[in-house]
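Engineer: When you line the sequence shown up against the numbering used here, it's residues 1 to 153, in that order.
Worth double-checking, as some hints may not be accurate.
List time: in silico DSSO-like cross-link candidates among lysine-lysine, alpha-carbon distance up to 27 Å [said to hold, decoys possible]:
(1) Lys107 / Lys91
(2) Lys29 / Lys75
(3) Lys75 / Lys65
(4) Lys29 / Lys65
(5) Lys79 / Lys91
(6) Lys79 / Lys107
(7) Lys2 / Lys29
(8) Lys79 / Lys65
(9) Lys75 / Lys91
(10) Lys33 / Lys65
Worth flagging that the hints you see were computed from the coordinates, not collected in a lab.
A quick note: this is a predicted structure, and the numbers were derived from the prediction, not measured.
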Amino acid sequence: MKEMRLQNVCSIEAANAFVPVFIAFWNGKFAVKPRHETSAHRPWTDTPQALEDALARHEERVLSKALTFSSAGTKYCVKTNGPGTALRGAKVTLHHFVGGGMSVHYKDRLLPVTAYGTYPVPDPAADEKTIDARVDAIVASRQVAGRQSPAPV
């Protein structure tokens, strides 16, 4: 961060001491008084599962003729009652949850899937286009590991 470099901040202790000063400066420069003092936040009135779905990362996949798809180095097969020919070539939506789980949806249906194989995945550090996925994985691992708060700067 440029401000830290200009203030010769070069250790974690100095950075932690600098944060309150920087926040006060930043808020003084950019803070705007609200038009109305009343809170505009609305409570969540839907189910906890609906909240998980709303916060999940969504990704589309196309089912093969064998009703399979792959994601994150794992191959999945959709389980159906009957032949399932209507699902061949169908676009399904994967919901990747913050806690690490995944569900598969086709239109308004939740599809049961089975993982049946893996393949090697390239190191995400080698591709700078995957920064969002890496940050999401770090946040999820911190939340799962004891519900810890973010590390101080």
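Engineer: All hints are to be evaluated individually against the structure, with a verdict given for each.
Structural biologist: Consistency of the hints with the structure:
1. The hinted pair formed by Lys107 and Lys91 meets the criterion: a straight-line CA distance of about 9 Å does not exceed 27 Å.
2. At roughly 51 Å between alpha-carbon atoms, Lys29 and Lys75 are farther apart than 27 Å, so this suggested pair is violated.
3. For the given pair, Lys75 sits about 14 Å from Lys65 by alpha-carbon distance, which is consistent with the 27 Å threshold.
4. At most 27 Å may separate the alpha-carbon atoms for a hinted pair to count; Lys29 and Lys65 exceed this at roughly 58 Å.
5. The suggested pairing of Lys79 with Lys91 holds, with an alpha-carbon distance near 15 Å, which does not exceed 27 Å.
6. Between Lys79 and Lys107, the direct Cα distance comes to roughly 16 Å. Compliance with the 27 Å bound is thereby established for this hinted pair.
7. As the CA atoms of Lys2 and Lys29 are separated by approximately 16 Å, the hinted pair is consistent with the 27 Å bound.
8. Between the alpha carbons of Lys79 and Lys65 the distance comes to roughly 13 Å, so the proposed pair stays at or under 27 Å and holds.
9. Distance hint between Lys75 and Lys91 is fulfilled; the C-alpha atoms sit about 16 Å from each other, no more than 27 Å.
10. Between Lys33 and Lys65, the direct Cα distance comes to roughly 58 Å. Violation of the 27 Å bound is thereby established for this hinted pair.
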